[in-house]
Amino acid sequence: MTDNVQVFHINARSGPAKSEPLNVSPEAHKRAQEIIAQYPQRRSAVMPLLYIAQEHTKYITQSAVEWVAAQLEMPPVQVWEVATFYTMYYKKPVGQYHVQVCRTLPCALRGARKVSEYFHKKFGVQPGEVTKDGMWSFEEVECLGSCGTAPMCQINDVFFENLTDEKLDQIVARIEKEKPDLRYSTVKDELGAGLAGSPKSEIMKS
Amino acid sequence: MSDTATPKQVEVVNVTIDGKATQVPKGTNIIEAAKTVDIDIPHYCYHPHLSIAGNCRMCQISVKGMPKMTIACNTGATEGMDVSTHHTSKEVADAQAATLEFILINHPLDCTVCDQAGHCKLQDYHFEYNARPSRFVEEKVHKIKALPLGPTVMLDGERCIMCTRCVRFCDEITKTSELGMLNRGDQSVIAVSPGKELNNPLSGSVVDLCPVGALTHRQWRFNTRIWFTKQTDSICPGCSTGCNVKVAERDGSIVNVKARRNDAVNKEWLCDEGRYGFERFLPVNRVSGTYRNIVGGGRENVPIGDVIHNLKGTLKTLTVLLSPDLLVEEYYLLRQLLNRATSVGRAVVSGYKRSLTQREEILVSPDYASNINGARVVGLIGEESDGEYRDVLQKIRRKEIENILVLGDRAIAPQDIDDALLEGLAAARVSVGVLTDADSKLCSSLGMVVGGRSVLEKSGLLVNSTRRLQYAQAVVQFPDTSVPEWRLLGLVGEAAGYKMLPVNLMHLGDRELTRWYLGSDPVMSAQGITIARIKDGGVQLTTAAKDASVGTQSGLSMGAAPAA
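Note that the protein sequences, when read in sequence, are chains G and E. Add 19 to a position in the first sequence, counting from 1, and you land on the number used in our numbering. Add 73 to a position in the second sequence, counting from 1, and you land on the number used in our numbering.
These are calculated hints, taken from the structure and not from any lab test. Backbone N, C-alpha and C define an ideal beta-carbon position, used for all residues, glycine too. There's no promise every hint is true.
[What the hints assert, rightly or not] For lysine to any residue, the following SDA-like pairs were computed, each having C-alpha atoms within a straight-line distance of at most 25 Å:
#1 E:269 <-> G:92
#2 E:269 <-> G:112
#3 E:269 <-> G:61
#4 E:269 <-> G:101
#5 E:269 <-> G:150
[What the hints assert, rightly or not] Facing chain E, from chain G, some residues (calculated, C-beta under 8 Å):
#6 30
#7 32
#8 84
#9 95
#10 100
#11 104
#12 107
#13 167
Please model the complete structure; the sequences and the hints are all you need to start from.
Take a look at the structure:
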């Protein structure tokens, strides 16, 4: 892994990936309308709707941007601005389990670099790449808001904290064996079951 | 309940800025309030005609009673507010220097190859508010270079300081929303909407708005340094909106056109057609000198005296076709000449109507007639003049007109030129044209052709679609042999015994002509209008001036002097 890892950024030349038109499920559409109704302005619902689109397309494609823009009656470029601002919206295909390693100062001081190196060696891919079997991908991101338990990472939508190499070995081995659902569904408004017998997240257990 | 018909009284508040007291409407932002006492607060992202973004942090001020410094653009004036700017507060000056240092951290400092150098706000403000060498030794963030955003504009991502003026312009003014800011932090970059390009009728305006060299005109990249050009404040002759422009000229060609701020006319916008097509008003091949077309083919050079001799006897029945972009002075001079000669002929101005798209309507007027209202203001033509013009063309086609004078290249619209018209012109007893474009079909059909001056080579007055009187300055040096329309009219008048202009015509300049007009036209002299007043944003003509032209039937009776 090179020394100077950049957080994945969208080049001004490349827009979102081209794709087939987005067909959202009826319950997703219903949920979207419920969310939009919560706000005085439709455009305020841009973030939850991007999540809904991402549940369908796995990452934010051109048609996902256009669907959100059409729902919210706002220019597509402004949806794309929001999608590129936040790291939790994926702008290119990710693995079934996408690891985001926090690299902001507290985590960096507590060894985030080693966490990144761990995934790099374990998966044999560079940040932003997907393993050949489509299982894993990883990238470095800015603060995930769990500085008290640094170093930490987020796999799909679940936090894994106070990481050490041993702990990471266990987490990766169990995920590969159990194939747990680590995603948060905006449509269902609930987090997946997570690893059996484990709290969904050390900070989400309350 | 208050009467809705009465406008709400805006409360005026007292504000002190750097110890200078001023009164402004409540809520006026401090940048504008400071302007009233001649204090200039530096800013990048603020623009008076766009929404407030407040992201450049350059306009910081200190307000008494507020714990921290604040930004002037987003601070509304309240009663008793006591503001210190960088002029009086070292704290503010230091903060601005630090802000500038941050803005410049990732700026490539490639002024040596940047088109903006010489008219760049980063350069200007650095000299004024920081003027220290860079302390940044780390590697700068690299971003996209030379990305075409559309047919007209090129982006250099590294030079951009993320003020988002261009984004706001496309969102708020053209409402096309082509641009956005992607990513976050030091990786932010301006980009076009996915699958679109920056392509609207006002797209070039984002380059004017860009305070740095991030957005440049594709048409004018790398052509010259701005300090080698001659920059002139003028008026765009493209349509009757009369946008205020600053034109840079070098070696006879137009190398840059910028919008000039005039809140009553074009705010600070300019359409692409006007901007990138500015040079279309300069002839590619120009008519030089004066010549006569010989019947049966060929032409011979003749002295201007022959033209004058031919015209002076025809004044009583002369039909004059005029370009809609001649000067007010010229329309007035012609009107005076026809009055004195008690002419029964007629003067018509070509209409040049056009249809507009919804986006063009933001700025563009539905015509190509920059000064047709000038002809109306001096009473040369009436409000509805298109029928008169068509009527004259028909009569020429039927060879019913004997004496014809064509003034200016656009006196006959290109789409109106057909074989019958050219034959009619050739068949006239006297037909004279003042033209610049040697490729025009008129050049070989008229009896005599005088090499004139294009609209970019004459200084004088224009009246726009809202009847605002503006001063257009010549942006290109005219050739010595050229004879402007007003000089020909003056010489013909003198030869016919009507001396209208005060001094020797061959030594009269555009400026003296304008001064003569302002003193001579009762409408102008009654209001005490001077060139200086017109140059300062233009003069809105009163309804009296409008009434002066209304009711004067075009060309039918030239006997009456224009009403004062």
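Against the structure, the hints come out as follows:
1. Distance check on the hinted pair: residue 269 of chain E and residue 92 of chain G sit about 17 Å apart at the alpha-carbon level, within 25 Å; holds.
2. Between residue 269 of chain E and residue 112 of chain G the CA atoms are separated by roughly 23 Å; this keeps the pair inside 25 Å, and the hint holds.
3. Between the alpha carbons of residue 269 of chain E and residue 61 of chain G the distance comes to roughly 24 Å, so the proposed pair stays at or under 25 Å and holds.
4. As the CA atoms of residue 269 of chain E and residue 101 of chain G are separated by approximately 18 Å, the hinted pair is consistent with the 25 Å bound.
5. The hinted pair formed by residue 269 of chain E and residue 150 of chain G fails the criterion: a straight-line CA distance of about 33 Å is larger than 25 Å.
6. About 6 Å separates the beta-carbon of residue 30 of chain G from the nearest beta-carbon of chain E, less than 8 Å, and the hint is met.
7. Contact between residue 32 of chain G and chain E, as hinted, is supported at the beta carbon level, the nearest pair being about 6 Å apart and thus within 8 Å.
8. Interface restraint check: residue 84 of chain G against chain E, minimum CB-CB distance 6 Å, threshold 8 Å, status holds.
9. This hint holds: residue 95 of chain G has a C-beta 6 Å from the nearest C-beta of chain E, less than the 8 Å allowed.
10. Proximity of residue 100 of chain G to chain E holds as hinted, the smallest CB-CB distance being about 4 Å (cut-off 8 Å).
11. For residue 104 of chain G, the interface hint holds, the least distance from its beta-carbon to any beta-carbon of chain E being 5 Å, beneath 8 Å.
12. Checking residue 107 of chain G against chain E by beta carbon gives a least distance of about 12 Å; that is not within 8 Å, so the hint is violated.
13. Taken as an interface hint, residue 167 of chain G does not check out: its beta carbon lies about 23 Å from the nearest beta carbon of chain E, beyond 8 Å.
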